Amino acid sequence: MATVVDDVADAAAGHAAPAGGMPQLDVTNWPNQIFWLLVALVAIYLVLTRVALPRIGAVLAERRGTITNDLLAAEELKQKALDAEKAYNAALAKAREDAAKIVAEAKASIQADLDVATAKADAEIAARSAESERRIAEIRDNALASVTEVAKDTTGALVSALGGQADQAAVEAAVAERMKG
Amino acid sequence: MATEAAGGSGFAIHPMDQFIVRPLFGDGPIQWYTVTNVTLWLALAVVCVVLVMVFGTSRRAIIPSRSQSVAEMIYGFVHNMVEEVTGHEGVKYFPYVMTVFLFILFANLLGLIPMSFTTTSSLAVTITLALLVFFGITILGLVRKGPAFLAMFWVTSAPLALRPILAVIEVISYFVRPVSHSIRLAGNLMAGHAVIKVFAGFASMAILSPIAVGAVTAIYGLELLVAVVQAYVFTILTCVYLKDAVGDAHH
Chain A
1 MATVVDDVAD AAAGHAAPAG GMPQLDVTNW PNQIFWLLVA LVAIYLVLTR VALPRIGAVL
61 AERRGTITND LLAAEELKQK ALDAEKAYNA ALAKAREDAA KIVAEAKASI QADLDVATAK
121 ADAEIAARSA ESERRIAEIR DNALASVTEV AKDTTGALVS ALGGQADQAA VEAAVAERMK
181 G
Chain B
182 MATEAAGGSG FAIHPMDQFI VRPLFGDGPI QWYTVTNVTL WLALAVVCVV LVMVFGTSRR
242 AIIPSRSQSV AEMIYGFVHN MVEEVTGHEG VKYFPYVMTV FLFILFANLL GLIPMSFTTT
302 SSLAVTITLA LLVFFGITIL GLVRKGPAFL AMFWVTSAPL ALRPILAVIE VISYFVRPVS
362 HSIRLAGNLM AGHAVIKVFA GFASMAILSP IAVGAVTAIY GLELLVAVVQ AYVFTILTCV
422 YLKDAVGDAH H
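Protein chains in written order, with the numbering used here: chain A, 1 to 181; chain B, 182 to 432.
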């Protein structure tokens, strides 16, 4: 093994590189390395430009397209959801408005009924109190007339009892005079 | 292998033997077409790229599997890097940047397999990669912008007196780019692998072996990081240089 290595090393170093020097500086095998490097680079370049790079580029573009489409779809669905919400809100507002209108109508009709009933009750009350007042006044007049009658009779009787001649007219005048006071 | 060979003669560690280029079949001289260990590991890197990028994505699923996610993540990572650094114009050159990134990444990672040959630790490989970027970008810039490409060296935001000096500095830094670009990658990998080999050599001494094995483990973890980071660094520098050729040249 050792001799083989030494032989090979000697063979390789035989042209230029001094023992212990850098094998890289042995320019005799540079054409070989450069040739095979160029072959390798051309091979990689061809593989990349013919197959790998277009394929990866296409995959990346496709993925970007898919993501963009999905985002657009999501945006559209979001817009739809917003529209639906708007419609719902509009319906809700309309329903509220209708309800308010119905409530107002009901209130108005109740108020009208109430007004009619109140007016009717007021009229009845007024009629009844007028009737009562009339009867009270009648009773008072009757009472007054009775009192006057009683007073005249009593005055006439007193005057006769005291021995006087009761003048009907004078007695009535005197009683009327007293009643006023 | 080196430590095995050195077994008889005490502490002869050969950390650099792992970088020797050998023919795979026979041991004649290395011609430009000879199939060597470099060829083998370059081919394995290509196979890995094909496995990850082609077979991993073969199902083309909208919801990716794990292997497809890996391929997509690498794709997205490099694509974003090209687009952010070079601007919209640079995306045209994304396949080349992707090739460079994947090649360096898998070559680095394969190099971490014990007994493997790290192709990206070879200066011939990294200098070729850097020169491809350098000449590619220079020619691209001259074709796209014409003489306006050279305006990059004429810093109009500086005072007029300083501009010639800055132009010289800019030109020098422009031509130094491929040097730093290539040596950074090869140097990082070579140093790390050589250090691992040295510590592995120490492991042949019974007293030191626990420390040596622990150190190899720790450095291996570090090398894993270096392998990925250097692939990233090489690629992003390629993008930065590419920006000069295709973007608006303002410094």
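Rather than coming from a laboratory, the hints here were simulated on the basis of the structure. Among the hints, erroneous ones may be present.
[To be verified] A partial selection of chain B residues facing chain A, derived with a Cβ cut-off under 7 angstroms: (1) 200; (2) 235; (3) 241; (4) 254; (5) 270.
Note that the structure is a prediction, hence the values are computed from the model and not measured. All C-beta atoms in this analysis are idealised placements derived from N, C-alpha and C, irrespective of residue type, glycine included.
Right, here's what the structure says about each hint:
no.	hint	in the structure
1	200	holds, 4 angstroms
2	235	holds, 5 angstroms
3	241	holds, 5 angstroms
4	254	violated, 10 angstroms
5	270	violated, 18 angstroms
Figure legend: structure checked against the earlier numbered hints; hints not met, in rising order: 4, 5.
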